[in-house]
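S.K.: Just so you know, the sequence shown maps onto residues 240 to 1002 in the numbering used here.
Derived by calculation from the structure, the hints in this document are not laboratory data.
In this text, a Cβ means the ideal position worked out from N, Cα and C, and glycines have one as well.
You may find that some hints are simply not true.
Unchecked claim - When the alpha-carbon atoms are kept at most 25 Å apart in a straight line, the in silico SDA-like pairs for lysine to any residue are as follows:
hint, residue 1, residue 2
1, 601, 670
2, 601, 522
3, 583, 546
4, 870, 889
5, 494, 407
6, 827, 814
7, 574, 549
8, 366, 353
Unchecked claim - What follows is a set of in silico ranges between Cβ atoms, one per label pair, in the way DEER data are often shown:
hint, residue 1, residue 2, range
9, 451, 383, 39 to 49 Å
10, 743, 714, 19 to 29 Å
11, 528, 693, 50 to 60 Å
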Amino acid sequence: MGGPRFLIFLLVAVTLSPLASATEGRAAPQCAEFDLSDVASSGPGISVDPGACLIVDIGTRGHEVTLAIDIEIMDDAMDVLMFDQNGIQTYKNGQNYRSSINPEASFESMIGSEWLDWSPPISINPKNWFIVFDNSAHDGDEGLGDQGGMVGRFKIQLAPAATHPYSLIHDTFVIGPNQVVNLANFAVDAETEFSYWVHPISGTADLFVQSDNQLGSSLFISGTDVKDFAGIDLTQLNWSIPAYLDLKNLNLILKTSNFPVHFSIKSWFNPTLSPEIVDYVNGITTVGEKIVLDARNTPNSLQQIEALSWDFDTDSIVDATGDLVEVSWDSPGVKTVYLTAESKTGTTVQKTHQITVEDQNKPTAVINAIGGIPVDNIRKLLIDTDLTLRSLSSSDDHMIESVAWKINSTEVSNNSEYVFNSSSIGFYNIVLEVTDPSGNIGQSNIIVRVIDNSNPVLVSDRIKDIKSIQRGEEISLSVTAFDSDSSSDSLTITWDLDLTEDTNNDGDPSNDPDYNGPNITTSFSKLGENKFTVTVTDPSGNSDREILSVEVVEPPSEYGVFAIVVVIFAVFIVVTAVVLFGHYRIQKNHAIDLLMQGGLTKLEANARINSISKNEKLPMFAKARQIAGIKDNEVVKSISNLEMDAKNAEFESIYGSSQSDTDPYAGFRPSESYRQVDSSIAEAALAAFAEEPVTQPVATSAKVSGKVRSGGVALPSRSTNQPVKLTTNCSLCGSAFSVDLQPSQKSAVVSCPSCGADQLFER
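Could you build the full structure based on these sequences and the hints that come with them?
M.R.: Encoded structure:
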């Protein structure tokens, strides 16, 4: 402070001396009050008489600003007391103020100099703060502190303390004895530098850093401790966060001894500035493909990054900003990306990252054609005319390095423009190949059809010479064709045999390819004129067509001959049946006659024939003896003859064999007549079916008659015994039947009533 101003303060001090000298009978101190600007001085200081006090208004202060306070007390000890706007009233009223002072910034019986960095306690709103220099025995000091005595002087300097952009804690503390206090906790990036200094005001303690796992123990992180910091004005420690504690929660711990400690402390960070780049493509991409470059992993726990800027093409010009960007390159190669990180303090650090850009994409080949006529992706071109082909519209994500034109895999040009001309008709596949510097090849092609404009000629004289054909008859139709510019093998001939239907749905019913080729075999089912078309087409699409016709007539009937054959066959069948039936009937009648000549009755004869026809397989033209079942030298006997033989045998057994063989009943039996059957009758019957029936005279046997004469034998007396009934099963058909034998009969032959077979009954 200058001389004049110092004199003014001396005058003020002298003026206030009477007020500060009062020692008794005072209820409240009468303190002089000044602004900080009035007393701040580096000169000899401000005097305070014994029993007097001086209040300095240091202004409204908040917790956000730490104040650097330097105080020096000279000549005599004084109490230096810090009050807020509420606590100062307690002091002014002479009341007990000990609970109203701020202990961190207050000193009792202070003599000498002291400095501290003090931050007002946290409050809702900033408060007005006051420093009292007390050189009296205040009624509220409880007899503690300085009680006056001699004139004392003080100096004070107060200003905002030097700050750090990444401060953790900056304040003054008073901690009681045997305490462990967590002053602050933090979690920062690895490689961040953590620093703190401590200034002891009174007492001593230990400072160190613990992890959460170490809290409550005596363990701490190596390299973070300051032990027993008393006696040294300022002790500073710098420590770098190791990788294993990256973003781990850490704690700044104070441990006191058996005495309280009063100290100021400041801790802060020097954050790491180390940008990191992630590309998500393993450092490889392709031309034109966008990739993401991510710098969000850059350490920034203290929000130390002010800006991130990117340079993608090494031209030192910022191409993008931010922690997440997109980039692509239009040429292959190894690209260097520069990322510049700028901190809030203006410090910059640059990080490089390399990306390999590959050209994996094929060029796009594009052919522009001038000439000819495009039809269905094919360009038609007349022979001996030019077709100009260009590749200028081809593109690549990098560049086109070379061009090649190929026809049927043979290179014909490497210019960007190629003129095609051909004197031969046909199809030509022209390929354009474009290559980029990375060797990628893109292709495109164009199909050129070289054509002529002359029509082929169709010759159909062979068909015109056909007068008529029969319906349903297969016929071969043939045509020929020729063309001046094409070979016969290259011509296409189609036949449309139905002009009423459009089977290929092109709107023209006369060009449907029902058949192909110069020769076909077909038939027609519609009577009358049948029209059809024949079309010849050359490879150029030129064609000639003729409408032809054939006359279809009804074929001669085949049913008359067939009917005749059927009638003849039917007549043959009928005649054969009649002959067989007539022959069988005649032979059967003849067989009946033979059996009747043998003594059988007609009923017995029919029964015998039926039995033989059922039980034996007869030839188709069986003779009478076969039908009658008469074998060679066989004698046919009737039942009566069998009975007679049985009776004769009985008489012989009674009267002996010397008796005459004359039938004793012959005188009573009528003479038998036998009918002779001539075999010419059967032959005449067969001839009757071929010609007019001829009547042949049949010789009949003369009828023989006679009278019964007495046999001269006396009849035995009639037996009165009852007949005996015998039962048997037919040996031929198995049917059961019975017969009554007279007592005089020992055996009898009887025909089966079912099948007519003769059965012998014996007692």
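S.K.: Against each hint, give a clear statement of whether it holds in the structure.
M.R.: For each hint, the structure was consulted:
1. With a C-alpha separation of about 15 Å, the suggested pair residue 601 and residue 670 falls inside the 25 Å cut-off, and the hint holds.
2. For the proposed pair residue 601 and residue 522, the alpha carbon gap of about 21 Å is at most 25 Å, so the pair holds.
3. At roughly 8 Å between alpha-carbon atoms, residue 583 and residue 546 fall within 25 Å of each other, so this suggested pair holds.
4. For the suggested pair residue 870 and residue 889, the alpha carbons sit about 29 Å apart, so the restraint of at most 25 Å is broken.
5. This hinted pair checks out: residue 494 and residue 407 have alpha carbons roughly 19 Å apart, not beyond 25 Å.
6. For the suggested pair residue 827 and residue 814, the alpha carbons sit about 19 Å apart, so the restraint of at most 25 Å is met.
7. Between residue 574 and residue 549 the alpha-carbon distance is near 13 Å, which keeps this suggested pair within the 25 Å criterion.
8. In summary, the hint linking residue 366 to residue 353 is supported, as the alpha carbons are separated by about 24 Å, within the 25 Å threshold.
9. About 41 Å separates the C-beta atoms of residue 451 and residue 383, a value consistent with the hinted range of 39 to 49 Å.
10. A hinted range of 19 to 29 Å holds for the C-beta pair residue 743 and residue 714, which are about 25 Å apart.
11. Under the hint 50 to 60 Å, the C-beta atoms of residue 528 and residue 693, about 56 Å apart, fit the expected range.
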